[in-house]
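Listed below are the residues making up each chain.
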Amino acid sequence: MKSTLNFLVFAGFFTLIIVGAAPKAEVVFASNPEQEQNIAFPENVMAVIDTKCMGCHKPDAKNEKSKAKLQWVLLADMETEELVAKLDAIIESLEEGSMPPEGIVAKYPDMKLTEAETKTLKDWAESNADRLLGDG
Amino acid sequence: MPTGSLVMGKLIKFVLLPLLVAFGILQFFRGEYPEARLENPADIHQSVEISSEVSGLLRAACYDCHSMETNYPWYSKIAPISWTIIQHIREGREELNFSEWENMSRRSRVKMLKETAEEIEEQGMPHPQYLRAHPEARLTDVQRQLLIDWANQSARNTVKRADKDED
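Taken in order, these protein sequences are the chains called P and G. Each residue of the first sequence is one higher than the last, beginning at 1 in our numbering. Each residue of the second sequence is one higher than the last, beginning at 1 in our numbering.
Hints are computed from structural coordinates only; laboratory data are not their basis. Predicted, not measured: the structure shown is a model, and the values here were computed from it. Positions of the beta carbon are idealized from the N, C-alpha and C atoms, including for glycine. It cannot be assumed that every hint is accurate.
Here are the simulated lysine-lysine pairs, DSS-like style, with alpha carbons at most 27 Å apart [said to hold, decoys possible]:
no., chain 1, residue 1, chain 2, residue 2
1, P, Lys58, P, Lys119
2, P, Lys122, G, Lys77
3, P, Lys122, P, Lys58
4, P, Lys65, P, Lys122
5, P, Lys122, P, Lys107
6, G, Lys160, P, Lys69
Computed from the model, here is a short list of chain P residues facing chain G with C-beta under 10 Å [said to hold, decoys possible]:
no., residue
7, Leu70
8, Thr80
9, Glu82
10, Leu87
11, Glu92
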């Protein structure tokens, strides 16, 4: 488990360097690596989250509202029901196309989620929610 | 005081009367009231354990906008206030409709319960405007905690049912 996490953290950094986006941002995806985690972030999912979501949904983001709604780094330590609820909210946002917000996309058109990226995140969120609910 | 009564007469004729007529005309445009009914086979009460105390609180503080069991007060029949009420009920049901519980995915039910607990905890709900018209829906700290505990426990139970199925 620990090596997977180490790998994920490494993969996160690697992606950041490759993409060249804000390399100073520190991505730590498990505040407590010793504990059994409820969810894992594959490399392709991390890549999308890092480039399109993390700016506003990280612990040191400026926007308090977006931080209150979702912080990716907190997911792994959540209780199952809390995590399922968050995943459902993420799926809803993806289905509505409400994230990243219109204002951000208008200002930075590159921030818009491509269809492939939306599918990557949605498949990941759905399969994990199903697994947690025992429907997988 | 002839000038005084003249002013008064003009005020009635050109201001109050037209206002009254406009108000009367408005009553033909009260808006379309969302359907209300008491028989709801998919209601959360049919499938989730709810104590009579919690059930009473749900009905008193939530159900007017978050179920099909809407009680329309007399003033809801008067435009333009009817517009606000209709809009609140529409939006409330769209956000969460306890009468459609069984028609939602289990995943959504978990989220609804967690968000219910969160909204009540942050005192975002019951809606402040609703509370002004319905002081009886004001929750005491104890009642608030009762609802939060119920919602959190029900979310846990909704997830746990899966563990049991799997075993």
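Evaluation of the provided hints:
This hinted pair checks out: Lys58 (chain P) and Lys119 (chain P) have alpha carbons roughly 22 Å apart, not beyond 27 Å. Of the supplied pair hints, the one linking Lys122 (chain P) and Lys77 (chain G) is violated, its CA atoms being roughly 44 Å apart against a limit of 27 Å. This hinted pair checks out: Lys122 (chain P) and Lys58 (chain P) have alpha carbons roughly 20 Å apart, not beyond 27 Å. For the suggested pair Lys65 (chain P) and Lys122 (chain P), the alpha carbons sit about 22 Å apart, so the restraint of at most 27 Å is met.
This hinted pair checks out: Lys122 (chain P) and Lys107 (chain P) have alpha carbons roughly 25 Å apart, not beyond 27 Å. Straight-line distance between C-alpha atoms of Lys160 (chain G) and Lys69 (chain P) comes to about 25 Å, which keeps the hinted pair within the 27 Å bound. Annotation: interface hint on Leu70 (chain P) violated; nearest CB of chain G at approximately 13 Å, more than 10 Å. Hint on Thr80 (chain P) holds. Least Cβ distance to chain G is approximately 5 Å, under the 10 Å limit.
Among the interface hints, the one on Glu82 (chain P) holds; its C-beta lies about 6 Å from the nearest C-beta in chain G, closer than the 10 Å criterion. Using the Cβ-Cβ criterion of 10 Å, the hint placing Leu87 (chain P) at the interface with chain G is satisfied: the shortest such distance is roughly 7 Å. With its C-beta approaching chain G no nearer than about 8 Å, Glu92 (chain P) sits inside the 10 Å limit, and its interface hint holds.
Hint compliance for this structure: hints 2, 7 are not met, and every other hint is.
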